[in-house]
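These protein sequence lines map, in sequence, to chains A and B.
Following the working numbering, the numbering of the first sequence begins with 1 at its first residue and continues without gaps.
Following the working numbering, the numbering of the second sequence begins with 385 at its first residue and continues without gaps.
In short, the hints are calculated from the structure, not lab data.
Watch out, some of these pointers could steer you wrong.
List of simulated lysine to any residue pairs, SDA-like, C-alpha gap at most 25 Å [to be verified]:
{"hint": "1", "chain 1": "B", "residue 1": "Lys574", "chain 2": "A", "residue 2": "Arg379"}
{"hint": "2", "chain 1": "A", "residue 1": "Lys276", "chain 2": "B", "residue 2": "Leu677"}
{"hint": "3", "chain 1": "B", "residue 1": "Lys611", "chain 2": "B", "residue 2": "Gly439"}
{"hint": "4", "chain 1": "B", "residue 1": "Lys578", "chain 2": "A", "residue 2": "Glu15"}
{"hint": "5", "chain 1": "B", "residue 1": "Lys611", "chain 2": "A", "residue 2": "Glu15"}
In this text, all values refer to a predicted model and were calculated from it rather than measured experimentally.
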Amino acid sequence: MFETLTLSALPPEDEAIRPALRALIQEAIAELPVHRRARSWQGFDAAFSRKLGQAGYLGLSLPKEYGGVGRGPFTRFVVVEELLSAGAPVAGHWIADRQSGPLILHYGTEAQRRFYLPRISKGEALFCIGMSEPGSGSDLASVRSRAEQQADGGWLLNGQKIWTTNAMHSDYMIALVRTSGTSADRQQGLSQLIVDLKAPGVSIRPIVDLTGDAHFAEVFFEDVRLAPDALIGAEGQGWKQVTAELAFERSGPERIYSSVVLIDAWVRHLEAVGRKDSATLRLVGSLMAQQAVLREMSLAVTARLVAGESPVVEASLMKDLGTSFEQAVPQLIGDDLAANPDEPVDPELYRTLLYVTHIAPSFSLRGGTREILRGIIARGLGLR
Amino acid sequence: MDMSELIDPFARLIEDVCTPAAIREIEQGGDSSAMWNAFVESGFLDALVAEESGGAGLSLNDAAPLIALLGRHAVPLPVGDTMIARALLAAAGVEAPEGPIAIATGAGAVPFAAVASHILSGTADAPVLIAAKIEATGVPHDVDAHVAGLNGAALRPIAAVLRAQLISGAAGRVMEMTVAYANERVQFGKPIGKQQAVQQQLSVLAEQAVAARIAAAIGARSGLQPKPADAAIAKHGASLAAGQVAAIAHAVHGAIGISEEYDLQLLTRRLHGWRLADGSESYWAGLLGELRLAAAASPTADFIRGA
Numbered sequence: 001m002f003e004t005l006t007l008s009a010l011p012p013e014d015e016a017i018r019p020a021l022r023a024l025i026q027e028a029i030a031e032l033p034v035h036r037r038a039r040s041w042q043g044f045d046a047a048f049s050r051k052l053g054q055a056g057y058l059g060l061s062l063p064k065e066y067g068g069v070g071r072g073p074f075t076r077f078v079v080v081e082e083l084l085s086a087g088a089p090v091a092g093h094w095i096a097d098r099q100s101g102p103l104i105l106h107y108g109t110e111a112q113r114r115f116y117l118p119r120i121s122k123g124e125a126l127f128c129i130g131m132s133e134p135g136s137g138s139d140l141a142s143v144r145s146r147a148e149q150q151a152d153g154g155w156l157l158n159g160q161k162i163w164t165t166n167a168m169h170s171d172y173m174i175a176l177v178r179t180s181g182t183s184a185d186r187q188q189g190l191s192q193l194i195v196d197l198k199a200p201g202v203s204i205r206p207i208v209d210l211t212g213d214a215h216f217a218e219v220f221f222e223d224v225r226l227a228p229d230a231l232i233g234a235e236g237q238g239w240k241q242v243t244a245e246l247a248f249e250r251s252g253p254e255r256i257y258s259s260v261v262l263i264d265a266w267v268r269h270l271e272a273v274g275r276k277d278s279a280t281l282r283l284v285g286s287l288m289a290q291q292a293v294l295r296e297m298s299l300a301v302t303a304r305l306v307a308g309e310s311p312v313v314e315a316s317l318m319k320d321l322g323t324s325f326e327q328a329v330p331q332l333i334g335d336d337l338a339a340n341p342d343e344p345v346d347p348e349l350y351r352t353l354l355y356v357t358h359i360a361p362s363f364s365l366r367g368g369t370r371e372i373l374r375g376i377i378a379r380g381l382g383l384r
Numbered sequence: 385m386d387m388s389e390l391i392d393p394f395a396r397l398i399e400d401v402c403t404p405a406a407i408r409e410i411e412q413g414g415d416s417s418a419m420w421n422a423f424v425e426s427g428f429l430d431a432l433v434a435e436e437s438g439g440a441g442l443s444l445n446d447a448a449p450l451i452a453l454l455g456r457h458a459v460p461l462p463v464g465d466t467m468i469a470r471a472l473l474a475a476a477g478v479e480a481p482e483g484p485i486a487i488a489t490g491a492g493a494v495p496f497a498a499v500a501s502h503i504l505s506g507t508a509d510a511p512v513l514i515a516a517k518i519e520a521t522g523v524p525h526d527v528d529a530h531v532a533g534l535n536g537a538a539l540r541p542i543a544a545v546l547r548a549q550l551i552s553g554a555a556g557r558v559m560e561m562t563v564a565y566a567n568e569r570v571q572f573g574k575p576i577g578k579q580q581a582v583q584q585q586l587s588v589l590a591e592q593a594v595a596a597r598i599a600a601a602i603g604a605r606s607g608l609q610p611k612p613a614d615a616a617i618a619k620h621g622a623s624l625a626a627g628q629v630a631a632i633a634h635a636v637h638g639a640i641g642i643s644e645e646y647d648l649q650l651l652t653r654r655l656h657g658w659r660l661a662d663g664s665e666s667y668w669a670g671l672l673g674e675l676r677l678a679a680a681a682s683p684t685a686d687f688i689r690g691a
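With the rest of the complex left out, here is chain A (with noise of 0.2 Å):
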């Protein structure tokens, strides 16, 4: 079982883009704290976003013809790789360039695509992901919000949206919504439908987290008219896009790289302070070998998409495996830290340490929770 999963190495083409990539990167992350850089995807920076487009880093698996770089998912491994151990503000473009783009080229129609796809590849469209709603988490299926579609071919959209990542600072949401039937059709009747967040009717109110930050928001969506183009895909179709979709989301190395500037900074502590018994090798070593090990696996995925498939089950493997190790992070860095209470911690460090300590559970939880995923891997193995 999962024996397509291997060892894959990277193309030197896509190995040779690190070079100036970081050091465009560098430019932007020099006057950012510690703390701030941990913030990693969830951190807002237009400007750097469209920066990176500018500058071909986005869209690198859209064909040309669509603006984008024609590449492929081994290229933006290295640049998500790059971007997030840097710790590199880049939710802005984050969901258009990983899901959104994709979903377009294979769902789109063609007016779609050339509308979208060049944006998207500068930078320059910033999308959110409408799935979750007040009554429907986990349990997507069950999604309210409906659009029902007008004697003219459009759509008239009502409900709500809610934990929706970015959405104050997006021009599109892609939605998942009730286009036909009713909420005991479950997986009938829904659709993807694209909203200009702009439009009259949609208000957004942000949310604030623990951690002070507010990343996610409400979205409401009342009597909003959409175009008949608004649709991607076929009515009807949505859930079948949505897994697809997801199996982008959760296949790459951001589900393995969410604590790795909180373990850098802890790293250079140890140095500065000159500690190295052997319970602190030990913790340095053990967190090594396990993102060695994550990395490999992403890459792994990766090289299936690279194939043409969509890994559902391995993407779902790797990323409790990843989200995991993430959430360990924290616990165990505070623990060695305070396990050497004389020892002087700077206040950065911290800082970075709380703040990975307390958003360390929405790793689970973004892009399909522990529980789902487990019984995702459940039907791969056979067992539902």
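Place chain B on chain A using the hints.
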């Protein structure tokens, strides 16, 4: 070369000669010569020996699936150890004996020493081969044994990579057995595999089995003299998985799993032994931690990429 041309016949050979009954017989001190001779005659023992020395000249990476198969079927003889020992001996210009060779890398129990004719220690450049002189561990049906007075620490990385491959093979088989059992065993009117609580456990087992396989593959990528960091990542990951895989497999199997007559124990006892052999997860974590702190200024992502 298409590796399936080698893997399939090797798998058939193992399935033919290494039945659960044959494993039990050897574990109880029975004659192992029939099983051993089958491996000798197959020619696979020289798979890693260079072509100019009369071997097949496979890289460790190429041969890794063969070694994993040995773990998968809990082969109770040092076939993988002998493959590596023969390659090291040939490279050093030392003639290898016919019999099974175990590799001793420390003062702990040596895997398969109780069923080996020779013990290898020393270094890759200057291997030391002696006739096996062992002391039983006293653990029932153990094929491992104590060997005193040897220094084989320099061989620990390659032995760790070998052990990681064996763990990876055994863990994959344990996953399959446990999933199959969960689909068969009925309680509360349905297979226990339909219970979410059991499904969640089996998903963790699957994650660990895959992690062990990927970790082991990292170890095999740098050849018969592995980079220390590769060996550390491999054995740390495989050992970490070994304990969890065995624990979940037994939890799901219930009482039948710890009975002697049921085959799960042939694999899980091996998982525990291999986890401890040639350095546990903490041993290798310590070594890797030292390498990391020696490069404290460079980011983790760079460190693991260059490891």
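query: Are the Cα atoms of Lys276 (chain A) and Leu677 (chain B) separated by 25 Å or less?
result: holds, 8 Å
task: Compare the distance between the alpha carbons of Lys574 (chain B) and Arg379 (chain A) with 25 Å, and conclude whether the hinted pair is satisfied.
output: It holds: about 16 Å lies between the C-alpha atoms, which stays within 25 Å.
Lys578 (chain B) paired with Glu15 (chain A) [C-alpha distance capped at 25 Å]: With a Cα-Cα distance of about 45 Å, the restraint between Lys578 (chain B) and Glu15 (chain A) is violated, given a limit of 25 Å.
field: Distance restraint between Lys611 (chain B) and Glu15 (chain A), which requires alpha-carbon spacing of 25 Å or less
entry: holds, 21 Å
Pair hint outcome, Lys611 (chain B) versus Gly439 (chain B) [Cα-Cα no greater than 25 Å]: OK: Lys611 (chain B) and Gly439 (chain B) at ~24 Å, within 25 Å.
Going through the hint list in order, the structure does not satisfy hint 4, though it satisfies all others.
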